[in-house]
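K.L.:
Here is how the chains run, residue by residue.
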Amino acid sequence: MEKDTIMIDYKHRQAGHCESGATSNLFNFYGIEMSEPMAFGIGNGLYFSYLPFLKLQYAPMLSFRNLPNTVFHRSMKYLGVDATVIKKFSDQKSSMDALDRNLEKGIPTGMQVGVFNLTFFPPEYRMHYNMHNIVAYGKEGNHYWVSDTVMEFPQKISYEDLQRVRWAKGAFAPKGKMYWINTVKQDLDIRSAVEKGIKKTVYEMIKIPFPLIGVKGIHWLAKDLKKWPKKHGNETTSFYLGQIIRMSEDFGTGGAGFRYIYGAFLKEAGEKFNHPELLAASSMMGNAANHWREFTYIGARNCKNRSKPEEDYGKLGDMLHKIADLEKEVYVKLGKIKI
Amino acid sequence: MEEQSNPVYKDQAYGQYRELFYTYGPDGKFEKNVGFHDESDRVTLQQAWDLFNDRIEEARQKVKAGKASPILYYMEKTLVTPMDLSMHSGIMVWRVKRHLKPKVFSRLSEKTLNKYAVAFNITVDQLKNVE
Chain A
1 MEKDTIMIDY KHRQAGHCES GATSNLFNFY GIEMSEPMAF GIGNGLYFSY
51 LPFLKLQYAP MLSFRNLPNT VFHRSMKYLG VDATVIKKFS DQKSSMDALD
101 RNLEKGIPTG MQVGVFNLTF FPPEYRMHYN MHNIVAYGKE GNHYWVSDTV
151 MEFPQKISYE DLQRVRWAKG AFAPKGKMYW INTVKQDLDI RSAVEKGIKK
201 TVYEMIKIPF PLIGVKGIHW LAKDLKKWPK KHGNETTSFY LGQIIRMSED
251 FGTGGAGFRY IYGAFLKEAG EKFNHPELLA ASSMMGNAAN HWREFTYIGA
301 RNCKNRSKPE EDYGKLGDML HKIADLEKEV YVKLGKIKI
Chain B
340 MEEQSNPVYK DQAYGQYREL FYTYGPDGKF EKNVGFHDES DRVTLQQAWD
390 LFNDRIEEAR QKVKAGKASP ILYYMEKTLV TPMDLSMHSG IMVWRVKRHL
440 KPKVFSRLSE KTLNKYAVAF NITVDQLKNV E
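Here the protein sequences line up with chains A and B, keeping their order.
Residue numbering for the first sequence follows my numbering, starting at 1 and increasing by one per position.
Residue numbering for the second sequence follows my numbering, starting at 340 and increasing by one per position.
Don't read these hints as lab results, they were simulated from the structure.
Treat the hints with care, as some may be off.
Said to hold, decoys possible - Straight-line distance between alpha carbons at most 25 Å, and here's what the computed DSS-like set of lysine-lysine pairs gives:
| no. | chain 1 | residue 1 | chain 2 | residue 2 |
| --- | --- | --- | --- | --- |
| 1 | A | K93 | B | K454 |
| 2 | A | K200 | A | K338 |
| 3 | A | K322 | A | K207 |
| 4 | A | K328 | B | K454 |
| 5 | A | K185 | A | K175 |
| 6 | A | K322 | B | K368 |
| 7 | A | K175 | B | K454 |
| 8 | A | K199 | A | K338 |
| 9 | A | K169 | B | K371 |
| 10 | A | K227 | A | K328 |
| 11 | B | K467 | A | K169 |
| 12 | A | K336 | A | K216 |
| 13 | A | K11 | B | K467 |
| 14 | A | K175 | A | K87 |
| 15 | B | K454 | A | K88 |
| 16 | A | K272 | B | K467 |
| 17 | A | K231 | A | K304 |
| 18 | A | K226 | A | K322 |
| 19 | A | K338 | B | K368 |
| 20 | B | K416 | A | K169 |
| 21 | A | K315 | A | K304 |
As the list claims (entries may be wrong) - Examples of chain A residues lying across from chain B (beta carbon under 7 Å, computed):
| no. | residue |
| --- | --- |
| 22 | H12 |
| 23 | Q57 |
| 24 | E124 |
| 25 | K169 |
| 26 | G170 |
| 27 | G263 |
| 28 | A289 |
| 29 | H291 |
| 30 | T296 |
| 31 | A300 |
Since the structure is predicted, the reported quantities are computational estimates derived from the model, not experimental observations.
By construction, the Cβ of each residue, glycine as well, lies at the ideal position given by its N, Cα and C atoms.
The task is simple: from the sequences and hints, build the whole structure.
P.N.:
Below, the structure written as structure tokens:
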């Protein structure tokens, strides 16, 4: 006989990025004080990819975040924590049964979900975006209590709805993916984890030999942005630009494509290890993030047709080039730092 | 307090939820603030949804005029392309495109209609009758 009500004492804290927020909340549940930026930095949340051959809601796809589950998986790997990730289930019923079993054992469980049918999510963001993460921590009759770090408060979702979002179809389909922590040692080696995390991020942002990922991808996007008005006309260009801004500000709720969170991570690490070089890198990152935000402000003005003539797409393209150069300086600096 | 600093918020259709934002100040401090999206974010959301709503309305008119099948309307309403719909429903792309013609749609079997209905998360009756 199943118990009707299960409630795990899990603390919901709002965060800027869904997965790093879930990861840091899970760590806190097991008694390790870990802030969101720390989880984000160790787990390589920072990323940039521009994929013009794929379309997301009629505009070219770009992403400021890494592939789903990277943050959780890598932060567990680098910190040496015993965690389980089930990549996919063969059928829908068994995925929900596995979740129920976990909740009965008192394990808060993270899941990858699609946002289109997520009932409590703000309607304006419900697009076919399958890389969202929520943590289930309670069950009450036919309803589950979930912690979605984008929302201010914990939310309730019915069994059928949860099953539907866990089995959302399309690109990056979650297929019922779920993850949880088994046991945590209390003395984690954060220093080496930070080092590994930074090294990997530097690799992903400047060393991948493919032109659409990392800093090279930002340059490519800037070049394309300058070409769009001639190629597609002003209206479409304005919509495509809107997509860039939406991806960096609205979908990445931390703002400026998560660059602020990464800067906060560098700062926290620098203060923790008393490392002046990291602190310098953090202020450079903050500066780059402020440039992103300036870009989105001016871009949004452009979308509203209120821009001045000198703020046209050529100017915006130049701004992106400048941002790419600023970011590259940070990564080159980080690549040389020994922690 | 946040409501006062965002006076335009109440009139807007979007941005009813408070989210967490990070900022970097001139004093070199990263700060977390909970608040509403500011105007520049809402502009782009509004722009996107204006476009989507236009497309939905256009599709509705087409279906009413008998120039397209209800699948087009529901496709626009759920913001998918034929390619996505093919992945959601398990029907091949060229068949999905063919089913956009009203004549072909009227001959579809219950089984295929049901597949579409499940993909759109509606009933078969709703699928046949666009309101």
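K.L.:
Run through the hints listed earlier and report the numbers of any the structure violates, in increasing order.
P.N.:
The structure conflicts with hints 4, 5, 9, 13, 16, 22, 29, although it agrees with all the remaining ones.
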